[in-house]
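K.L.:
Chain by chain, the residues:
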Amino acid sequence: SQQGEEDPQALSIQEGENATMNCSYKTSINNLQWYRQNSGRGLVHLILIRSNEREKHSGRLRVTLDTSKKSSSLLITASRAADTASYFCATGSQTGANNLFFGTGTRLTVIP
Amino acid sequence: GAVVSQHPSWVICKSGTSVKIECRSLDFQATTMFWYRQFPKQSLMLMATSNEGSKATYEQGVEKDKFLINHASLTLSTLTVTSAHPEDSSFYICSARDRVVVRFGDGTRLSIL
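Protein chains in written order, with my numbering: chain A, 65 to 176; chain B, 339 to 451.
Treat each hint with caution, since some may be false.
As the list claims (entries may be wrong) - What follows is a list of derived Cβ distance ranges for each label pair: (1) 130/A with 358/B: 40 to 48 angstroms; (2) 351/B with 92/A: 41 to 49 angstroms; (3) 123/A with 341/B: 19 to 27 angstroms; (4) 353/B with 176/A: 41 to 49 angstroms.
Stated by the list, open to error - Cβ-to-Cβ under 10 angstroms is the rule here; a few derived chain A residues that face chain B: (5) 70; (6) 121; (7) 167.
The hints are simulated quantities; they were obtained by calculation from the structure and are not laboratory data.
What you are looking at is a predicted structure, and each value in this text was computed from that prediction instead of being measured.
Just so it is clear, CB atoms sit at the ideal spot from N, CA and C, and this is done for glycine as well.
Please work from the sequences and hints to get the whole structure.
P.N.:
Written out as structure tokens, the structure is:
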């Protein structure tokens with residue numbers, strides 16, 4: 065299966081702290097994307113990193129990608145209560161298929 | 339900007355009823371849309387890939403006669419859960435590819451009594 069795994073499964077931090085989530089995957093990829101899901105809602109695209117990129121920033125988000133280790137990390141700096149959500153990584157296959165394969169997700173709770 | 343609209347957001351119906359869920363791409367065309375199912379506190383599981391003008395591609399273990407998919411235009415795909423039973427209760431989410439980024443609808447919570 066191409067499905068990835070996030071680590072940790074759950075993370076609870078105080079507001080203002082940084083949150084780091086990791087994602088591992090199994091096959092060669094074209095890109096890796098991070099999504100956020102608030103409870104009972106759809107997914108919101110956060111950031112995409114291509115397989116030839118190593119790091120990318122967007123606001124308080126920093127994503128790294130290590131294709132040799134087949135892993136990625138998402139760092140949220142200066143967390144806010146509104147960041148409380150589940151975070152998923154999703155990989156796009158090199159085979160050209162259009163669909164994404166999702167990891168198991170990290171449930172982040174930011175305590176105000 | 340590019341948005342995927344999913345409707346309805348919540349359905350409660352009796353066992354045996356067929357339920358149709360719509361997924362529309364707004365401001366962009368999508369030749370391919372994807373249907374996912376999500377159980378509480380779990381990840382998204384791809385059910386099928388909807389292809390405009392042709393048959394959908396179903397993932398292993400997904401009954402195509404149970405989950406009917408129609409993708410009649412470049413902006414609309416529908417998922418019909420036929421003769422729904424309580425075990426079909428779940429959160430269904432559609433998505434569409436907008437160039438590289440895949441955008442998601444807000445999901446449909448289906449509850450079968």
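K.L.:
It remains to establish, for every hint, whether it holds in the given structure.
P.N.:
Cross-check of the supplied hints:
1. Taking 40 to 48 angstroms as the suggested C-beta distance range, the pair residue 130/A and residue 358/B conforms, at roughly 43 angstroms.
2. In this structure, residue 351/B and residue 92/A meet the distance hint of 41 to 49 angstroms, their C-beta atoms being roughly 43 angstroms apart.
3. Between residue 123/A and residue 341/B the CB atoms are about 20 angstroms apart, so this pair conforms to the stated range of 19 to 27 angstroms.
4. Range check, residue 353/B to residue 176/A: Cβ separation about 42 angstroms, and the 41 to 49 angstroms hint holds.
5. Using the Cβ-Cβ criterion of 10 angstroms, the hint placing residue 70/A at the interface with chain B is satisfied: the shortest such distance is roughly 9 angstroms.
6. About 17 angstroms separates the beta-carbon of residue 121/A from the nearest beta-carbon of chain B, more than 10 angstroms, and the hint is not met.
7. With its C-beta approaching chain B no nearer than about 6 angstroms, residue 167/A sits inside the 10 angstroms limit, and its interface hint holds.
Checked against the numbered hints given earlier, the structure breaks only hint 6 and satisfies all the rest.
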